[in-house]
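From first to last, the protein sequence lines stand for chains A and B.
Read in my numbering, the first sequence has 195 at position 195, and its numbers run on one by one without any break.
Read in my numbering, the second sequence has 303 at position 303, and its numbers run on one by one without any break.
Calculated directly from the structure, the hints in this document are not laboratory data.
Heads up, a few of these hints could be off.
[As the list claims (entries may be wrong)] Which chain B residues face chain A? A few, computed with CB under 8 angstroms, are given here: (1) F52; (2) G64; (3) V68; (4) G69; (5) P72; (6) N73; (7) G78; (8) F81; (9) A83; (10) F87; (11) N89; (12) F98; (13) I102; (14) K103; (15) A105; (16) P124.
Note that the structure is a prediction, hence the values are computed from the model and not measured.
Virtual Cβ for every residue (Gly too), placed ideally from N, Cα, C.
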Amino acid sequence: MNPIARLFGWAALVFGLLYFFIPLTGLVEFSLKARRGVYSLDAYAKVIGDPEFQATFGYSVLMALVTIVIGVLIVVPTAFWVRLKMPWARPYVEFITLLPLVIPAIVIVFGYIRLYNTSSWLPMTGSVMGTNILLAFGYTVLALPYMYRAVDTGLRTIDVATLTEAAQSLGAGWGTILGRIILPNVLVAVLSGAFLTFAIVIGEFTLAALLDRPAFGPYLQRIGANKPYEPFALAVISFGITWACMGLIQLVTRFSKHTRAQN
Amino acid sequence: MAFLEISHLEKSFGANRVVKDFNLDVDKGEFISLLGPSGCGKTTVLRMVAGFENPSSGAIRIGGTDLVGKRPNQRNIGMVFQAYALFPNLTVAENVGFGLKIKGAPRAEIDRRVAEMLALIGLPDLGGRYPFQLSGGQQQRVALARALAPKPQVLLLDEPLSALDAKVRVSLRNEIRAIQRELGITTIFVTHDQEEALSISDRIVVMNGGIADQVGTPFEIYNRPSTRFVAHFVGQLNVFSTDGAGNLAGVQLGAGRDFAARPEALHLGRAPGTDIVLPARISEVHFLGSVIRLTADAAGARVSLDTFNRPDVPPPAIGTDVELSLSSRDLIPLG
Ligand SMILES: Nc1ncnc2c1ncn2[C@@H]1O[C@H](COP(=O)(O)OP(=O)(O)O)[C@@H](O)[C@H]1O
Ligand SMILES: [Mg+2]
Chain A
1 MNPIARLFGW AALVFGLLYF FIPLTGLVEF SLKARRGVYS LDAYAKVIGD PEFQATFGYS
61 VLMALVTIVI GVLIVVPTAF WVRLKMPWAR PYVEFITLLP LVIPAIVIVF GYIRLYNTSS
121 WLPMTGSVMG TNILLAFGYT VLALPYMYRA VDTGLRTIDV ATLTEAAQSL GAGWGTILGR
181 IILPNVLVAV LSGAFLTFAI VIGEFTLAAL LDRPAFGPYL QRIGANKPYE PFALAVISFG
241 ITWACMGLIQ LVTRFSKHTR AQN
Chain B
1 MAFLEISHLE KSFGANRVVK DFNLDVDKGE FISLLGPSGC GKTTVLRMVA GFENPSSGAI
61 RIGGTDLVGK RPNQRNIGMV FQAYALFPNL TVAENVGFGL KIKGAPRAEI DRRVAEMLAL
121 IGLPDLGGRY PFQLSGGQQQ RVALARALAP KPQVLLLDEP LSALDAKVRV SLRNEIRAIQ
181 RELGITTIFV THDQEEALSI SDRIVVMNGG IADQVGTPFE IYNRPSTRFV AHFVGQLNVF
241 STDGAGNLAG VQLGAGRDFA ARPEALHLGR APGTDIVLPA RISEVHFLGS VIRLTADAAG
301 ARVSLDTFNR PDVPPPAIGT DVELSLSSRD LIPLG
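Turn these sequences into a full structure, and let the hints guide you.
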């Protein structure tokens with residue numbers, strides 16, 4: 001590489017980092033200024049001590065876990081079956097899983113409300129539990145592109161067809177094959193999909209607000225509109241959660257023992 | 001009645017008839033090889049026995065019970081794949097014990113059987129390793145142990161040695177045969193390597209274009225091939241055409257047919273008991289150790305012949321004019 005191109009590369013990197021970190025630094029700095037004249041963690045203490053924070057955060061964590069379970073149960077068998085028996089259908093399935101990136105969440109939630117309102121054939125929004133279930137399915141849809149890609153990539157690293165046949169010849173049925181052979185071998189991929197799902201669900205606003213559930217996203221929005229310093233502390237916390245998820249993806253990828261051979 | 005009976009087996013993929021009226025009776029404890037060029041339908045036959053493909057028609061019976069319609073996991077048939085197909089997330093011991101665990105065998109019995117199988121394949125200390133920590137040859141032995149552990153009725157091997165290097169290939173094929181003999185398990189072994197098939201089989205099925213051309217012992221297949229394809233596919237062959245009157249070097253053989261001789265049926269000089277003598281010129285000399293393979297031009301054809309090395313007689317030089325002799329009884333008529 002010639003020196004000018006190298007210089008240009010570095011300049012681009014520095015610009016990118018500044019573009020990203022300057023607002024973030026401002027955010028962090030401001031969040032520490034709740035007490036006049038000195039830096040303090042007052043804003044964080046207030047936020048974390050807020051019972052509403054605890055309730056909404058707990059709710060969203062729970063919804064994220066439920067979403068991950070539903071996502072895994074839907075995506076792993078589907079991706080497995082498509083790879084094994086219907087390879088011709090892969091482009092179609094991929095297209096469908098990408099739709100949530102194109103269709104805004106607000107369209108999905110209005111569709112839900114229209115289809116499942118209290119006067120419909122299946123009045124899901126009529127009860128708290130029904131609405132929670134609806135929300136979890138909505139989240140599953142939002143997470144679908146990430147979950148499917150992650151699992152499909154994981155399946156690519158193993159010889160799905162031959163491993164399945166080997167297991168069948170040893171007497172295994174579909175449940176055993178999925179649970180004992182396929183899932184463990186794509187676990188790293190599933191976990192990275194799961195952490196992405198977690199990050200999406202924790203901050204999601206539209207679905208939760210329109211279905212009127214006490215989730216973390218709407219709480220963030222409400223605090224942001226009403227308090228001076230706390231929203232900034234919350235934003236930093238949200239960032240921290242997302243980054244922790246990304247870090248965990250790296251970590252599980254590195255610490256999986258039997259997949260090392262393929263790298 | 002044979003233990004494993006395959007009768008009138010047919011398989012088509014769309015309009016492509018891949019297996020055509022395939023018949024085979026295998027006795028209990030027999031070691032059968034399916035031998036044929038790539039694409040002739042060997043794997044497809046094996047996969048129908050294992051239950052991974054449904055036959056278009058025909059029957060597969062083990063001990064008189066029809067297998068067609070039974071799912072692969074209900075057949076109790078062991079399978080070894082070319083690509084080993086060990087479960088990467090399980091240790092060697094867990095791989096070998098997988099089938100028994102599925103069957104719900106008690107822990108102690110699984111442990112005992114796993115130890116027994118690992119001793120059988122000569123890897124008693126590697127139970128705790130993961131597949132990626134093993135060499136190809138070791139992985140394939142583990143795959144063999146895994147297939148045998150649940151005591152299957154029939155063992156199927158689909159080109160199990162093709163991915164291994166030459167040395168391991170020979171030693172492992174002998175090991176597979178020894179283990180098969182020891183357990184007395186009925187085995188079908190698929191290969192495209194004629195030497196492999198000839199060296200370890202009780203009987204060989206030579207396949208060509210989805211058809212079983214000939215079924216016989218290695219001795220029969222090699223010495224009395226029943227079709228031109230079998231004659232050409234198995235072993236080396238020298239083909240002689242007779243003249244218009246059906247003569248070869250003055251010996252009456254039969255008009256309108258070609259005749260073939262194996263390299264070891266041709267002799268340098270006039271050997272006792274031979275009735276055909278051909279003048280020839282040596283064109284190549286390959287010293288292989290105990291055997292010397294010569295190529296010569298004789299009777300308008302290029303032929304090869306094998307002679308044993310004799311320390312006191314150097315091989316003829318290239319370009320030497322010699323006589324080759326053979327017995328008309330050793331000639332294989334080609335249809
Ligand atoms: N699932 C399949 N769909 C379509 N054609 C197939 C399928 N499996 C095998 N074939 C065709 O059947 C023929 C025989 O294949 P195979 O049994 O694998 O041969 P071999 O094992 O002797 O090399 C080949 O021409 C192959 O292309
Ligand atoms: Mg094959």
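Unmet hints by their number, sorted upward, for this structure: When the structure is compared with the hints, numbers 2, 3, 4, 15, 16 turn out to be violated.
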